[in-house]
Amino acid sequence: MTPSHLQIRIEKRLSNFKLNVDLAIGAEILVLFGPSGAGKTQTLNAVAGLLTPDIGEIIFDGTTLFRREVQGEVVNLPARMRRIGYVFQQYALFPHMTALQNVAYPLKPPSDRNRALDLLSQMHLEDLADRYPHELSGGQQQRVAIARALAADSKVLLLDEPFSALDQPIRQRLHAELRSLQAQTGLVVLYVTHNLEDALTVGHRLAILNEGKLEQVAGIDEIFLRPANRKVMEILGLPNIIEARIIESSSDHALIDWNGLKMRIGHSLTGYEAPISGYIPPSEIELIAPSAISGGGDANYLSGHVISSRPSGGYHRVVIRLENGSEIEAVTRKADAANPGSSVRLRISEGGIIVSRK
Amino acid sequence: MNWEAVRLSLQVTLVATTVLFVFGLTIALVLVRFEFRGKIVVETLINLPLVLPPSVVGYYLLLALGRNSPLVEWFHLQILFTWPAAAIASAVVGLPLMVQASRAAIAGIDPVIENAARTLGSGELELLRRVTLPLARRGVLAGLILGGARALGEFGATLMIAGNIPGKTQTLPLAIYDAVQSRRYELANRMVLMMTVMAFLGLWLVRRLENSDRSRRISTMP
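Top to bottom, those sequences are chains P and B.
Residues in the first sequence are numbered from 1 upward in steps of one, following our numbering.
Residues in the second sequence are numbered from 1 upward in steps of one, following our numbering.
Honestly, the hints are just simulated from the structure, not real lab data.
Because the structure is a prediction, the values reported are computed rather than measured.
Among the clues, some could well be false.
What the hints assert, rightly or not - With a straight-line Cα cutoff of 20 Å, these simulated EDC-like cross-link-like pairs (lysine to aspartate or glutamate) come out: (1) P:Lys231 to P:Asp221; (2) P:Lys108 to B:Glu126; (3) P:Lys262 to P:Asp221; (4) P:Lys334 to P:Glu286; (5) P:Lys334 to P:Glu284; (6) P:Lys108 to B:Glu114; (7) P:Lys108 to B:Glu35; (8) P:Lys213 to P:Asp61; (9) P:Lys231 to P:Glu273.
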């Protein structure tokens, strides 16, 4: 990976689970994603030096920030010496200092006004330098917090749900700014969120954390095309999660039995543990007329009836009950196909069923 | 007016307030930052001077500073019946007020803000100087004024360990007692008035600090 490189391998017993994180982050934005209480903030705190792991190692660019193994010397660099920029969830600006004084806080000498002004203007805040935090909007406060975290020449930036309290448009702008900042500076960014949309907009890679355990670390496409297991799909909130038996598997396709429905999958399932789990993205489900011929090919044809439907900005999100009693969610632009009670036929291509790795 | 007593009172109060600042703040910080066994016992001990008769506090101090005490044997701290003894007695009775007020103010600071300072390179002393104290200043100042006012009015414990020696250890409260004993009511009146004005000013200042704190908090609401 690129020069800057943060390695985290830690274990920490917490009140209701054990945190066990093993991550390597390069010059990129890695999103630590998971439900509330999964141990995301604790992971950031451990990197920053605000929480001491029971065992493990944290190394940045060859410098050991923390090490405690069963044997050997213990290293635990105090937070003030780690030079890791940390943007807290509620900004944590110093309320008794102006924006400029906040940014200048870590500078030596603190009177290095020009450098602080540079950082502020990088965040488009130069006009607000003399305002106090309570005179700034949430988005402005958060930008001051980022400028302040960068002021100490940190090469690592930790962000804890940084934009969760902000409106959508501001959020999108800040995400774009963060991405270009990262690209310009080559920062190592660890970004914590429980909001999937945020995760997908800002992240280069995703690390999925659940009850202290990393379920999968991969690029965004990889995670959606090859989720590691059912837990990952549930945490991502994926629709149409299915569980099925393998009937047969050859070198280029497989047949599965999903609650009595036989379905064809366009790749081999040899070596998969049965029963398999997977999901069907609504975009892969095509609603066709009930009279349409089950025209061959390798696609799967199913039938059922619509039980509910709601408009979703230009298209309809429909829930369909299939012959086997299972419910499946699909999207369509055809309003007439979306009437509750109407019978529909569905076409799912053989590549439309995504099977998890385990 | 007994100016000698006024001077001694101010001198004793000034020293006592300095002691209060250093010890009271340290104790308050320890109580906020650390959890330890017997914390409640320590807190109760610090608060005891609030409810004990000053003569009891004075008696303990007499034991601590008396002839066979290790303080005297090891540190040669022979200050009994001098004005520094009066300062110590005043500081001890003022301590609970200082600790309570500054402790509440420090505990009221969001710990995340202090952690932010740590990640920005601040050691504990720098954190205290640049973040904790500025944010807790109203509470700390209120505690200092309350403790200082209490120190200024100290009578019983001071009498026990510093005595009532005019020009040496006789502070205003003791001088008032003397004046009344010797039926010099005009002198007593003047000194009583002076004490009352100083105490009033102290309490008024504390109220003002509390009020401005509240209005500031309301103005920072989003």
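Status of the hints after comparison with the structure:
1. P:Lys231 to P:Asp221: Given that 20 Å is the threshold and the Cα spacing comes to 17 Å, the pair holds.
2. P:Lys108 to B:Glu126: holds (13 Å)
3. P:Lys262 to P:Asp221: violated (27 Å)
4. P:Lys334 to P:Glu286: At roughly 11 Å apart (the allowed maximum being 20 Å), Glu286 of chain P and Lys334 of chain P satisfy the hint.
5. P:Lys334 to P:Glu284: Judged against 20 Å, a Cα distance of about 15 Å means the pair holds.
6. P:Lys108 to B:Glu114: holds (19 Å)
7. P:Lys108 to B:Glu35: Since the Cα atoms of Lys108 of chain P and Glu35 of chain B sit roughly 34 Å apart, the hinted pair is violated (cutoff 20 Å).
8. P:Lys213 to P:Asp61: Measuring from Cα to Cα gives roughly 25 Å; hence the hint is violated.
9. P:Lys231 to P:Glu273: Within the cut-off at roughly 15 Å; holds.
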